[in-house]
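Once you have looked at the hints, place chain B on chain A.
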Amino acid sequence: MSETAPIWIDPLGDYETKVDARSAPTNAFLPPQVPWDETTSFKAKLHRIGRLRYYYKWPGHGSRLWWRTRYWPTRRRVLDIRGEYNRKTSRREKTIVDKRPIWWAMAFALFAVLPFILPQDTWNTVLTAAALMCIYGSINLAWMLIIGTAGIFSLASYAVVGAAAYATTYAAIQLGLPWWSLPLLGSVIGLVFGVVIALPALKLDGLYYALLTLGIVELCRVYVIQSGELGSATGGLFGAPSYVPDWLSPPLRQMTLYYASFALMIIALFVYRFVDGKRLGRLLKMAPEKKEAFAEACGIDFYRARINVFLISSTFLGFTGGFYAIHFGGASPNLFSFDTVLLSLSMLVIGGIGRSEGAVLGTVIVVFIDRVMIGIGPLRYVLIGAIMLGVVLFLRGGIFGIKTQFRIWRAKKQSENRSSRAEKGGEMLPEEATETDNKDEIYRRRFDKAQRDFLKCLVTDTVIEEHRTRPLGQHSEALERLLIYFRGQTQVDKYAIMVLEDFKAYRIVGLSGRRGTPPRVVEDRTYPNANEAYHALFLRRVQDLMES
Amino acid sequence: MDFGLVITNAITLACIYGTLAIGLSITWSSLGLVNMAYGFIFALSGYGAWLASLYISSSAPVIFAAGILTGALGGIVVCLCAFIPIHDKPSFPIRGLTAALAISLAGNELLMWIFGPRAKSLPQLFGFWKVNIFGVVVTSDKAGTVVSALFLLTLVLLWMRSSRRGLEIRAMMMNPHAASIVGIGVRSTSIYVMIMTGGLAGLAAVVLAQTYWISPFSGITPMIKGLSIALVGGLGSVPGAVAGALLLGVNEALTAALLGGQYVLITQFLLIILILILRPRGIAGILDRAREA
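Taken in order, these protein sequences are the chains called A and B.
With the working numbering applied, the first sequence corresponds to residues 1 to 548, in that order.
With the working numbering applied, the second sequence corresponds to residues 1 to 293, in that order.
The following block holds chain A by itself, in its conformation from the complex (with noise of 0.2 Å):
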C-alpha cells in the first residue's frame, strides 16, 4: 500500500455519532474509458464479423410464382440459381450459382457479329485470324477431351489431324471428290489412326506415351517432308476444292470462311459437351490419376473409357482435318512442326487444363498474340512461352482455376490468422458469429469481455487488502464494481460457501446450477471464519478473472 493511496470514507457512515465515518485505503479513479480505450485501440483487435457475400444477391421473387426456364427435352434449367432464406434481413434471395452460361452467351453473341462490329479493312487480318483460332480452338477442345477428359497425355492430335488433311486433299486431288465429302473421309481417316495411336496408350505409361506421340509428330513431319508425292517440292499438298463458291466477293467469301469455321468450332463444344459431360466423361471423372484402383474396385472400366474417349476424339481431330483441307485448299507440313505443337499446348496450359472454356479462351489470347502482334516479330513466341511458363508455375488450372485456387489460397490465410489469434478472449469468431441465431449473443460477449478488461485494470493489492480486512459491508468503488459483477455470474460453477461446522469450519463449493444435484467441493481446505472463507472465495473469483 503506497503513501499516496486514497483514503475511501464510507458514504453512510453515521454523521450523528461522534465516532468517525469508517474509511480504507483504495485504487485512485479509473475512467473506465481508459482501459477501454487501451483494449480496443491496439491490444485486442475487435475483428469484423461475418463473411464478405462473393455473390450478387438477387431478390426474391415475391408473390409470383418461380419461373424457371428449362431446355426443351430436358428438364435441365438455363441457370442454376439457388433460392435461399436469409436470417439476418429476413427476406428470400436468389443466387445465381453457376454464371457460365452467361459468359457463354455474351462470348457466342460477340462472335457472331464479329464481322458487322469490325470495320472492313481490318477483315483481312482479323477475320482471318478469328477463323484460325476457330479451327484451332476445336482441335484444341478435341485435344483437351484426350488429355483432360481421359487423362491420356498425347502429343498426336497434329499428327491426326495432319495425316487426316494430307490424306482426304490427297483423295480428292487423285479421285476428284466434292467438298463435302473430305471431312467424312477425315473423320474415318482420323478413327484408323486413332486406333493405331491408341494401341501403345494401353501399355505405356503418361511420360512415355507424351514422348513416343512426340516421335510420332516428328516422324510424320519428316515422311511428307521427304515425300515427293506429298508435295515435298511446293511446301505442302494444295488442290483439295474449297467450300466457298466461286461466285462469291472477297468480303463474303472471308464472312464464309469465319463462319464455317465458327460452326466449326461449335460442332467441338458440343462434342466436347457429350463426351465430357455424360457417361464417359463421369466415368473418368470417377478415376482421376492415382485413383484408379480405387475405380476399377468400384467396376469402372476405366481403360475402356479412355480408349473410347481416344477414338471418338480422334474421329473429330480425323473431321477437323477434313475441314482443314477444305478450309485452306490443302495441307501443310506446318500441321505438324514441333512449333505448331508447343503453340496449341501453350494454348491448352494457359486456358486451363479439363475444361472446354480454358481451351477456347488459351486459343484466343495465343492466336492473338500470333496473328494480331505480327509487327514484335520472334519475341511473341517468346511472349507465349513467358505465359506459358508463368502459368505452369504459378498456377494449378491455368486461367480459370485461378477463382478456385485463390478461394483455397484466402481459406488457408483465413485459417492461418484464427489460429494466430491468442487473445480470443469470449469474443466469437466470425465463423461462429455467422451460425448463431441470436445475434444478441454476440454483443453480450464483446460487452461482457470490454468489462472484465475494465475489472481486470481495477484488481490491485490495496483493493484485496481491503476486502481481507472486511469482506462484508460497504465498500470502496473499486471493490465494489468487482463484486456485483462476480455476484452476476450463472449458477453453473459458481463458488458458494458452505459451512461444515457453525463458527468453526467453513469450506469453499462449486454450484452446480442444476436442481438436485449437490455442490461439488472446490478444494479440501477448511476455513476457521466465516470471513476467511469469505476472502478466500474472493480471491478464488478474482484468480478466474485474471485468467480469462
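Honestly, I wouldn't trust all of these hints.
Below 30 Å or equal to it, Euclidean Cα-Cα: the simulated DSS-like pairs (lysine-lysine) are [as the list claims (entries may be wrong)]:
no. : chain 1 : residue 1 : chain 2 : residue 2
1   : A       : K285      : B       : K89
2   : B       : K89       : A       : K412
3   : A       : K449      : A       : K285
Hints listed in this document are in silico derivations from the structure and should not be mistaken for laboratory results.
The structure presented is a predicted model; accordingly, all values stated were derived computationally and were not measured.
Positioned in the frame of chain A, the structure of chain B alone reads:
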C-alpha cells in the same frame, strides 16, 4: 552402297545422340524431369561456341570449353525455371514437362530473334586428315566426334562413380525421397545434375556442328532422337541408353542401306513401338528399379 561409310556414319551419330540420350536419362532418373528444353540448350551452346570462335579464339579447346560452359549455363537456367520452383508441387512430372516445353518455345525464338534465321558454322576443330582402318576410311571429324564424345562420357561416368557429388546424384537416381531423408539437398544436387547434362548437350552441339549447321531450331531433331534412344533404353538407365543408341544406329544404317533414307524414321519408330510394347520401360528399365513418375 558403301557399307563402311554407312557404318561410320551410324557410329558417329550414335555417339552424338547417345550423349544426348544419356543426359536426358540422367535428368529424368535423378530429377524426375523430362528435359524438353534440351534442344534449346543444344542450340544455345552451339551459338555460345560460335561466338567464342568469332570473338575469342578459334582453337579447339576454347570452342569446346565455350560450348560446354554455355550448355551448363543453359542447364542452370532450365533448372532454376522448371525444376526448383515446382519440384515439390502436385503433378510435378507433367508441369515440369510443360515448363520445359515453354522454355524451349521461348528460348528458341529468342535465339531466332537475336541471331536471325541464317545458319552458322563452326571451324573444323579436328583438322583435315583421314585414316584407313581395315579398308574403311574414317575422316577426321568422325574420329574426333567419337573420341571426344567417348572421352567426356567416360569422364562423366567416372565422376559419377567416384566423387561425393556423383554419390549424391546416384542416390537421387535410386530414390529421391530417401535421398532427401538422409540429408542430400534435392535442389543443390539438381543444379549439379543440370550443369552436367547441360555440358553434355554442349559437347554434342559442338561436335554435331562439325557436320551440320547451327541454327535456332537445330536442337529439336537431335533432342527427339535422343529422347527416342532414351525411351528405348529405358529412361534413367545409362547402359540402356548406350544399348539403345547402338540399336537405333544399326537400324538406321541398315534401313538406309537396304530400303532407302526416307524409311529410316518409319522403321525406327516401328522398332521403338515394338520394344516399348514388349518392354514398357525400355530395354534396361526393369519395372521395380525404375523411378516412379
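Hints versus structure:
1. At most 30 Å may separate the alpha-carbon atoms for a hinted pair to count; K285 (chain A) and K89 (chain B) meet this at roughly 22 Å.
2. Pair hint K89 (chain B) plus K412 (chain A) holds up; C-alpha atoms about 16 Å apart against a cutoff of 30 Å.
3. Between K449 (chain A) and K285 (chain A), the direct Cα distance comes to roughly 50 Å. Violation of the 30 Å bound is thereby established for this hinted pair.
In summary, the structure is inconsistent with hint 3 from the numbered list given earlier, while agreeing with all the others.
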